[in-house]
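**Q** Work out the full structure: start from the sequences and follow the hints.
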Amino acid sequence: MMMMIMMMMMMTTTTTMMMMMMMIMMMMMMMMIMMMMMMMMMMMMMMMMMMMMMIHNKLSPLIETDVFSDTFCGLLLQLRR
1 MMMMIMMMMM MTTTTTMMMM MMMIMMMMMM MMIMMMMMMM MMMMMMMMMM MMMMIHNKLS
61 PLIETDVFSD TFCGLLLQLR R
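If you read the sequence shown in the UniProt record's numbering, its first letter stands for residue 1, the second for the next number, and so on.
In short, the hints are calculated from the structure, not lab data.
Since we're looking at a predicted model, the values are computed, not measured.
Mixed in with the good hints, there may be bad ones.
[As the list claims (entries may be wrong)] Estimated spans, in silico, between C-beta atoms of each pair: (1) 22 x 44: 27 to 37 Å; (2) 19 x 41: 26 to 36 Å; (3) 54 x 30: 30 to 40 Å; (4) 20 x 53: 40 to 50 Å; (5) 36 x 79: 18 to 28 Å; (6) 48 x 28: 22 to 32 Å; (7) 28 x 79: 24 to 34 Å; (8) 22 x 55: 45 to 55 Å; (9) 50 x 20: 42 to 52 Å; (10) 20 x 52: 40 to 50 Å; (11) 19 x 52: 42 to 52 Å; (12) 42 x 22: 25 to 35 Å.
Quick reminder that beta carbons are idealized off the backbone N, C-alpha and C, glycines included.
**A** Below, the structure is given as structure tokens:
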């Protein structure tokens, strides 16, 4: 990244400037896409969690809550890493 910036600094002609602009735009786009993907993933995770919670609430009489909560916490911790 730094090297690229240095190169841009070196070349001051209009064509190179245009190229640099294009490159930066591309990079920005890539970043945006990555961010969007991350957001989507997070949303999906949240949805999954909600579903799990719903199921848990539904089955609360059947399942020992403490065991389930422990497992859930464990899963969360694993996902965080």
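**Q** So, for every hint listed, does it hold in this structure?
**A** How the hints compare with the structure:
Between residue 22 and residue 44 the Cβ separation comes to about 33 Å, which falls inside the hinted range of 27 to 37 Å. Distance hint for residue 19 and residue 41: a CB-CB separation of about 33 Å, consistent with the stated range 26 to 36 Å. Against the hinted window of 30 to 40 Å, the Cβ-Cβ separation of residue 54 and residue 30 comes to about 36 Å, which satisfies the hint. Checked against the hint of 40 to 50 Å, the C-beta distance between residue 20 and residue 53 comes to roughly 49 Å, which is consistent with it.
For residue 36 and residue 79, the Cβ-Cβ distance of about 20 Å falls inside the hinted range of 18 to 28 Å, so the restraint holds. Checking the proposed 22 to 32 Å range against residue 48 and residue 28 shows it holds: the Cβ atoms sit about 30 Å from each other. A beta carbon spacing of about 29 Å between residue 28 and residue 79 agrees with the range 24 to 34 Å that was offered as a hint. The hinted window of 45 to 55 Å between residue 22 and residue 55 holds, with their beta carbons roughly 49 Å apart.
Roughly 45 Å separates the CB atoms of residue 50 and residue 20, a value that falls within the hinted 42 to 52 Å. The hinted window of 40 to 50 Å between residue 20 and residue 52 holds, with their beta carbons roughly 48 Å apart. About 49 Å separates the C-beta atoms of residue 19 and residue 52, a value consistent with the hinted range of 42 to 52 Å. Checked against the hint of 25 to 35 Å, the C-beta distance between residue 42 and residue 22 comes to roughly 30 Å, which is consistent with it.
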